[in-house]
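J.: Residue strings, one per chain:
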Amino acid sequence: MNTDEYLNKIIESVIDQDEAMVGKSVEEALNADIDPMVIINDGLTESLKKVGDLFAEEILFLPELIGCGEIVTNVMKKIEDKLKGDDSITKKGLMLIATVKGDVHDIGKNLVVLLMGASGYDVVDLGKDVPANTIVEKINELNPDIVALSALLSTTMPGQKNTIQAIEEAGIRKKIKIMVGGAPVTRAWAEEIGADGYAEDASTAVVEADRIMGIS
Amino acid sequence: MEPKLKILSDREMLDIDQASRALLWEVGTLAENEEAMDLFEKAGAKVDRKKQLVKIPDHVINEALAMCSSCVRLYDRNGGEPLIIGGDHVYYGTVGIATNVLDFETNEYRQVVCDDLRDIVRLSDVLDPPDFILVPATPTDVPASIVDVIETKILLTNTKKHFIAEAQNRENCLKNIEMAVEVAGSLEALQERPFFSTLVTLSSPLHFRNDGVELIVECAKKGLPLFIESGPMCGGTSPATLASTLVMANAELLSSFVLAKAVNPAVPLIYASWARILDMRAATCSHGGPEFGMLRIGTTQMAKYYGLPSGGGGILADTKSIDVQLGMEKMGTGLLPALADTNMVVGMGLFADENAISLETLVIDCEIAGWIKKVKKGIEVNDRTLDLTVFKEVGPGGDFIRAKHTRENFKKEMFLPKVMDRGFLALDKDPEEKNMRTRARNYFSKMMETYTPPELPEDIDAKLDAIINR
Ligand code: B12
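Protein sequences, first through last, are from chains A and B.
Note that the working numbering has the first sequence beginning at 137, numbered continuously upward.
Note that the working numbering has the second sequence beginning at 219, numbered continuously upward.
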């Protein structure tokens with residue numbers, strides 16, 4: 137088998153939602169000396185793009201999308217554990233995400249967490265109803281590349297703005313990229329409050345994150 | 219007889235009741251709030267303070283239910299008869315808290331401002347139904363921290379119908395009450411004829427939010443009515459079967475009733491639900507499909523099973539424009555709960571899966587509610603309606619259009635649409651020229667021409683502002 141065939145097998149077994157087969161195909165590819173980063177980027181991450189397309193075409197449904205996302209996250213973790221210390225593995229970056237203070241809507245945010253995690257980002261989820269100072273503390277502690285803020289209420293959208301202000305006041309704004317989202321949030325609002333990125337749903341959130349991180 | 223609709227058999231309701239009790243005892247509910255945990259403990263529930271987990275035994279649920287009334291009386295400020303919420307009465311209301319409005323003039327979406335809310339409340343005041351008004355929209359041109367109390371002021375100053383207010387925390391809930399007391403004259407007067415209720419939305423799965431607890435506690439203390447809604451999303455915040463979604467919606471409501479009754483056994487409670495589905499294709503929360511109507515019959519039947527007054531979403535739509543889908547969804551989700559005798563059907567005006575409102579949809583929904591009301595009356599069969607005299611008068615081969623009997627009865631027997639088109643097909647005219655939406659618009663203009671909003675004395679107005687800005 138050539139590299140493409142190994143990768144295709146991975147992609148197809150993700151789409152089939154066959155976790156055992158995904159694991160086995162990755163194992164085979166590693167044994168065939170294919171670069172682990174190629175397996176991750178052109179195999180696993182690529183499979184999720186395909187899954188995303190099938191979702192958009194209404195062939196796959198949300199639970200299946202999530203199922204694929206979970207399989208990829210699990211298998212990805214196994215590769216990382218296995219190759220620990222091996223510097224050939226690089227993640228796209230670390231994302232810190234939270235639903236802002238006063239807001240408990242978290243279903244959409246959880247989808248973003250899942251797809252970002254499955255697309256090569258490390259994700260730390262701070263949960264819902266998270267005050268700005270907690271987010272600032274966590275940035276200092278974890279040094280993320282991206283901070284993502286979700287808000288589903290017109291009354292909590294100012295929370296995104298306040299959080300960005302708190303980050304600025306803490307003098308750490310330049311270290312990170314900020315992305316905002318949630319049903320009432322618009323690109324215009326994102327620009328107004330000085331965020332770097334905005335996405336209207338979970339799969340475009342991945343594309344947007346790549347964009348602001350300068351990953352093509 | 220009146221047409222009635224059921225979706226659960228007696229055995230199925232018993233099964234759901236038993237599963238709900240098992241859920242509250244074996245799994246329990248989260249209450250990350252000291253006050254709530256104290257109250258649950260007082261009521262006899264088992265509280266794990268570390269996990270903030272509350273497990274409610276059967277007898278505690280029974281005790282709370284025993285304190286509930288089969289009906290709640292909701293008053294208005296016109297001094298008229300109250301709405302009797304309970305039994306087979308069905309009333310229709312607005313709902314929304316929508317932040318977008320489909321602009322009447324430009325036909326474009328934009329954010330809701332205070333003037334929009336005022337216009338929507340005024341239209342709701344003049345149309346019949348709505349029988350009561352749940353805050354239809356959230357203005358975005360005022361500070362978020364006081365938007366709820368501003369909404370309450372707009373309601374107090376633009377309608378005398380009963381309204382349901384929202385509040386984001388204890389402070390604003392108390393301000394709502396304080397404003398209503400100003401208008402009523404005294405707390406006693408308000409308690410005697412409560413002309414507003416407070417909305418509480420529960421969080422699924424099985425989780426009390428601080429704001430919800432605060433609202434329940436403050437309104438219960440004063441004995442003011444609570445409209446409590448559970449809204450699990452099948453496949454999202456509740457299991458993917460409709461039956462388990464009913465169990466979750468029911469268990470959450472029962473637990474909130476235990477909490478409210480632990481504060482004050484006299485607090486009037488309405489069992490309402492928006493149990494719904496998560497759309498697995500669009501990843502959105504859907505309110506316009508068959509499941510929504512089915513779940514509404516289910517939650518209503520459960521309310522009746524316990525002998526409680528019921529409410530819930532209805533006349534709703536997911537569509538993003540005023541189109542065929544809107545009519546289809548709104549009629550379906552309006553008719554089903556109404557035929558199940560949901561006492562308070564809330565949804566008029568709202569569409570775009572809860573994200574938008576418009577003046578035209580409010581008019582259209584008034585028409586839909588009228589249509590449904592007609593169906594609910596059933597076909598009257600009695601001496602008046604079966605009088606043989608008119609057959610004898612007209613005789614075979616005659617016509618009934620000229621009969622006195624017709625003049626006397628047609629209004630009693632037929633629904634007279636306000637905006638539906640039943641004219642001739644005029645081939646020389648563009649059929650689109652006067653579509654439903656245009657007619658709704660014209661009807662709005664006609665209704666508002668002569669409308670004058672209720673007046674409040676100037677000093678009270680100033681007092682309301684003082685409360686808001688304190
Ligand atoms: C479910 C729901 C609830 C549930 C939440 C359960 C939960 N665990 O999340 C409950 C019942 C608890 C609830 C409560 C309330 N709600 Co609510 N709720 C909804 C509802 C119906 C669906 C939201 C949802 O989950 N959608 C599905 C998910 C998958 O979509 P999503 O969240 O939009 O996320 C997607 C994108 O936005 C994006 N995204 C999301 N976050 C992020 C973040 C980033 C960084 C990026 C890039 C992208 C991104 O990607 C996601 C996936 O594609 C909406 C109406 C609607 N149809 O949208 C109202 C709605 C948001 N709620 C509303 C209101 C008013 C409330 C309450 C204030 C009601 C009240 N008075 O008590 C409370 C507030 C509670 C609080 N303090 O937060 C209003 C908001 C209006 C406004 N003023 O802004 C809405 C619009 C409904 C309405 N018209 O009344 N609600």
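It is worth saying that the hints were derived from the structure and are not from the lab.
Warning: the hint list may mix true and false statements.
Said to hold, decoys possible - In silico DSSO-like pairs for lysine-lysine, Cα to Cα no more than 27 Å straight-line:
1. 264/A - 647/B
2. 224/B - 269/B
3. 268/B - 274/A
4. 218/A - 237/A
5. 237/A - 269/B
6. 160/A - 214/A
7. 269/B - 274/A
8. 268/B - 237/A
9. 237/A - 186/A
10. 274/A - 237/A
11. 664/B - 629/B
12. 160/A - 237/A
13. 636/B - 264/A
14. 681/B - 647/B
15. 378/B - 264/A
16. 594/B - 610/B
Stated by the list, open to error - Beta-carbon label-pair distances, calculated as ranges:
17. 260/A - 222/B: 35 to 41 Å
18. 258/A - 322/B: 44 to 50 Å
19. 321/B - 311/A: 55 to 61 Å
From the three backbone atoms N, C-alpha and C, an ideal C-beta is built for every residue, glycine too.
J.: So which of those numbered hints doesn't the model satisfy?
T.: When the structure is compared with the hints, numbers 1, 2, 4, 9, 12, 13, 14, 15, 16, 17 and 19 turn out to be violated.
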